[in-house]
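Could you build the full structure based on these sequences and the hints that come with them?
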Amino acid sequence: MLFPDTPAVWSVAQLSRYLKELLETDEVVREVWVRGEISGCKTYASGHCYFTLKDAEAQLPCVFFKHARQRSTAPELRDGMAIAAGGHISFYERDGKLQLYVEQVELLGEGALYLRFEQLKARLAAEGLFEAERKRPLPPAPQVVGIVTSLQAAALRDMLRVLRTRYPLARVVLAPTLVQGAEAPAAIARALDFLNEHGEADVIIVARGGGSIEELWAFNEEIVARAIARSRIPVISGVGHETDVTIADFVADLRASTPTAAATAAVPNLADWLAELQERRQELTLLLDDLLLRYREDLDRAERELARQSPRSRLERLQQQLDGTIETLQSEMQHKLVLQRERLRGTALRLHSLSPLLTLARGFAVVRRAEDQRIVISIQQVQPGDRLDIQVADGRISATVNTQ
Amino acid sequence: MDGLPTLSYEEAYEKLEQTVAALQDGHLSLEDALAYYEEGMKLAQYCHTLLEKAELRVQQLRVTDEGELEIEPLDLA
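For the protein sequence lines, the chains are A and B, in the order given.
If you count by numbering that gives the first Met the number 0, then the first sequence holds residues 0 to 403, one letter each, in order.
If you count by numbering that gives the first Met the number 0, then the second sequence holds residues 0 to 76, one letter each, in order.
FYI, nobody ran anything at the bench for these hints, they're computed from the structure.
Please note that the accuracy of each hint is not assured.
To be verified - Capping the alpha-carbon separation at 20 angstroms, the derived lysine to aspartate or glutamate pairs in EDC-like fashion look like this: (1) A:120 / A:109; (2) B:14 / A:278; (3) A:120 / A:220; (4) B:41 / A:192; (5) A:53 / A:105; (6) A:134 / A:192; (7) A:96 / A:56; (8) B:14 / A:275; (9) A:65 / A:105; (10) B:52 / A:275; (11) B:14 / A:282; (12) A:96 / A:30; (13) B:41 / B:30; (14) B:41 / A:30; (15) A:53 / A:117; (16) A:96 / A:20; (17) A:65 / A:102; (18) B:41 / B:10; (19) A:41 / A:105; (20) B:52 / B:24; (21) B:41 / B:67; (22) A:53 / A:75; (23) A:41 / A:75; (24) B:14 / B:37; (25) B:41 / B:51; (26) B:52 / A:102; (27) B:14 / A:271; (28) B:41 / A:288; (29) B:41 / A:282; (30) A:134 / A:56.
Source: prediction; values computed, not measured.
Pasting the structure below:
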């Protein structure tokens, strides 16, 4: 008998107290973890939260006090959440209720994974591992492509097919690894380190085909994120399908949505190179044709210049010059003669108009003394008896002075 | 053109671009221009052949028992 002073008929309070002590000292339930689904969750103004934890067959009332909630890292509790609650069972005497007094809460199932994801993501982001400045540019034409993936997976064959089609110039170095399961994160990290140690790869693809969140989980582990972050060689992540985003994707230098997309991003397309080559060839030919044309034109020009400078052509040119000058001379001469003739005619006409003979025609006469032919303009010049010559328009008249 | 067989695609293509640039510059003598042209066409042909004959080589890294890294060809059947 545990409690010696127990009466035959108990009061409610006594029995309640007994139950409480019984529970609080029991090895199993004074520190226990219970899992189930939350229902009827209600948080009061006091900060205390009451809910029922249930499964298919039974249910357990729970209380999560404010001080315990504040210490907990779990998110807000909601109906339907699958959790594991840790605490102690006791008997709340006032209400006659057996309860689990919750101290800790762990999310189970997808909720738990999601929480871990968010926490790691926040922590690594705070360290600056996702910063855009950290991301290195990918080499435009890698000679060696490193691949970290499973040897058996279809993802590997898909990637090799893309590489073979796009860029067979490259060499692929594969570092095979597990891509799911408990050992996968360490194996992936190791494969990344090996490729870095070997050192020949210019770019590394970390890839895994599609799957559930649990199957892709290795790529959300910290050890993988750290291995990608410390890789000296740029890393492209290609994990799952388009909508799957893992921590590895955030840390990588480039995130591709699938393994095939990662292989496509890692290498250039040879078809483009062939087109460029063709362009260069055409360019060469055009340039040469251009050059030859110019040389030919230069030659032609030189020949023409030479022909112009030859003795015969010089002679011809001089001859032509001479002819030209002569012609000019002649026409000048002609011109001058014409001018002179004109001037002469003009002067002659003027002379003619001034001629005294015209005056004579009007009736005037020129009187001269016969002896010395001096023209008489005054009566003083003559005496009666002097002989005179009178010139009229059509001849001379001999006369004698009679009187003045 | 000595050493041509050992040129990588990138190296050969780079040389090809250089001959194009030299011809574009336009100050070459006729003799030089013809020489550059011929070299350029040879380089282009070499590049073309490299691309056509290229085959993806796949190798695998593994760790030996001594803990050394070793590389060997991989044939995925």
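Numbers of unmet hints, in rising order: 4, 14, 15, 20, 21, 26 and 30
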